[in-house]
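With the sequences and hints as input, model every part of the structure.
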Amino acid sequence: MSSNLTHHMLPILEEHGREKSNLSRTPYKDLILPEEVLRTVLIEVEGIMNSKPLGYVSSDISDPDPITPNLLLYGNEL
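The UniProt record's numbering puts the first residue of the sequence shown at 1, with every later residue one more than the last.
Honestly, the hints are just simulated from the structure, not real lab data.
Glycine is no exception: its CB is placed at the ideal position from the N, C-alpha and C atoms.
Possibly wrong hints are sitting among the right ones.
As the list claims (entries may be wrong) - Distance ranges between label pairs, derived from CB positions:
#1 59 x 37: 35 to 41 Å
#2 72 x 37: 26 to 32 Å
#3 69 x 27: 23 to 29 Å
#4 76 x 56: 17 to 23 Å
#5 76 x 55: 14 to 20 Å
#6 64 x 30: 46 to 52 Å
#7 36 x 75: 27 to 33 Å
Following this line, the structure appears as structure tokens:
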């Protein structure tokens with residue numbers, strides 16, 4: 001990584017380190033989720049991310065709906 005990128009990401013990396021160390025002290029560190037639960041969570045996150053508009057959303061009601069990844073992938077909003 002370049003020094004500028006490292007300097008820019010330092011607060012994020014430090015925060016990530018804190019979260020990881022706090023996680024090791026929680027009672028959930030030995031929790032094992034079934035595959036079905038993990039799949040459900042990932043599918044829900046995918047749906048949320050793919051429903052976000054790719055561009056500017058106008059406040060004018062007469063403007064067309066913004067383009068989303070779901071619209072591009074499936075031809076309609078899910």
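Problem set entry | Hint numbers not upheld by this structure, sorted from lowest to highest | 3
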